[in-house]
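Participant: Kindly produce the complete structure, drawing on both the sequences and the hints.
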Amino acid sequence: MMKSLFKIYTLRFIFYILFVCSLPFTLYASLGISTEFNNIFIENLQIGQEYNLTQMFNLPCKAKNNSDKKVKIKIQPVKPVQQSLKPGFEVIPSTDWIKILNSEISVEPQGFAVSDLVIKIPDDKALLGRKFQVNIWFYISSVEGESGFLSMTPGVEGSLLFIISAEVKKQKVKPVDLSFELSPAEVYKVFTSTDNFVGSVEIKNMSKKTVLYEITQANPKDMNIHIKEGYELLPENFSLLVVPNRLKIKKGSSKKFDIFLVSKLSSEYIGKKYFGLVEVKTTSKGVSGSKFVKVYLEAR
Amino acid sequence: MKDIKKFLIMIFAVLFVFAFTKVVFAATSGQYKIKVAVVEEALGIQVVADTVDLGYVVKGSSVITTDNSTGRTITKNTGAVNITLKLQLTGCTTSWTAGSTSLTDNGGDKYVLATVFERWDGTHDWSHYGDEDVITTTEKTCTAASGTHIFAPSTSQGGSDDWDGYNIPPGGEVSNFYFFKAPSSLTTEYGRQETITVTVTAIQQQ
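Order-wise, the sequence lines are chains A and B. Going by our numbering, 129 is the number at position 129 of the first sequence; the sequence numbering is gapless. Going by our numbering, 169 is the number at position 169 of the second sequence; the sequence numbering is gapless.
No lab work stands behind these hints: they were computed from the structure. Predicted, not measured: the structure shown is a model, and the values here were computed from it. Please note: incorrect hints may appear among the correct ones.
Okay, derived cross-link-like pairs now, SDA-like style, lysine to any residue, Cα gap no bigger than 25 Å in a straight line [stated by the list, open to error]:
id	chain 1	residue 1	chain 2	residue 2
1	A	K251	A	G111
2	A	K208	A	E268
3	B	K33	A	P220
4	B	K140	A	F132
5	B	K110	A	S141
Facilitator: Dropping the structure here:
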């Protein structure tokens, strides 16, 4: 008995000396995640107030599981690293200002993880007029039915930027509904002196009521947008004209507007590439919400 | 009669003040409108490799992966903007801990895991790994191979996107190869199911 016990322990000892173990680094066939909850700008928030983005704008934080497996997605606020910090914005002093109401969610393949996000601004006058950035980190924390010694899972980190009002004011607000889609959200066009039509864009109202949308050209400088390499801002003597500039759209319906370029094309512009923005805005009492169409132009 | 006149004048005065303040209020609240703007710049990544097998590792020793088909993981930018990657250990069911300071920071039940982004068809060598490439439980952001080369080969040829996880354009993909240094001694039972999770996160490159 003692002999066989000794043998067992001796064998085990030798095994530990020689090997740690076989270490298969298991990666799942294809795991993917994506989000459009990125580059969200909110202006004029008040100190001492709480803002639920779903209640105010119908804008929950949302990520898609692009995997072929059921996964768990975790959502948490994080301080942005230097590389992702937008010019003019400070890192949020504490991620406690942000509440994710549903921070871990089981998601079917090609499904979405959706949660309300609440911004709570401390009641501190030192914050008046300041601009902050917080990033929202979505990542796959586990995969159903999979396990291995080492696994690699993907994540994405979108930016949420907000500006605190410079003055303390009582706000009376009525929510706006940002559940509308722009298709396409990017327009590419090669233009000449004889062709100034840029393209048509469809607005699809996915809210539960009729909404009036105002459509205008916007300045990309105001939006802190990173412009694609090779493109420059539209010169001042170029402008984007939209027709019509107001559209009233019933729930579940869609309508189109056209974009034209107004310019005097001369030889100095030929061969250059330009970037412009068209803003589609919906307003309510004390609140406005906008989405944008990116316009990429090449002069020939 | 006089009293009725007075009463009516007072009512009109009150109504006038009320209407006036309403107008002023409306102007003020217009100035303090909360605005939200959503500039759709989709972020997305896909991890598209299958399995990287580290094989058998002698206790206390190190291994690197070199095989182009089984020794690497692939991360693809499926979004619409340029991204930079961050890596961190997000889960560990083992009683092991992760060494964080250097490639030799292993010990009893303590391992070191490091990675570099390399051209999949290039050469893969021990000399490519440095202490800056160790994956830790706190996030570390990739830098350019030509710069401080965090998660990029120490002997980098630089410049090329294939050599780092920095500023990857839409549609671009990068490959990770790995370094593992095993614990010098173990208190855990051999054959026990253990899991270490590394999360690769995309942030929009400014």
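Participant: Does each hint fit the structure? Answer for all of them.
Facilitator: Against the structure, the hints come out as follows:
A distance of roughly 24 Å separates the Cα atoms of K251/A and G111/A; the hinted pair therefore holds under the 25 Å criterion. In summary, the hint linking K208/A to E268/A is not supported, as the alpha carbons are separated by about 49 Å, beyond the 25 Å threshold. Under the criterion of a C-alpha separation no larger than 25 Å, the hint pairing K33/B with P220/A is consistent with the structure, at around 20 Å. Restraint check: the Cα-Cα separation between K140/B and F132/A comes to about 22 Å, which is no more than 25 Å; the hinted pair holds.
Restraint check for K110/B and S141/A: satisfied, since their Cα atoms lie roughly 23 Å apart, inside the 25 Å limit.
In summary, the structure is inconsistent with hint 2 from the numbered list given earlier, while agreeing with all the others.
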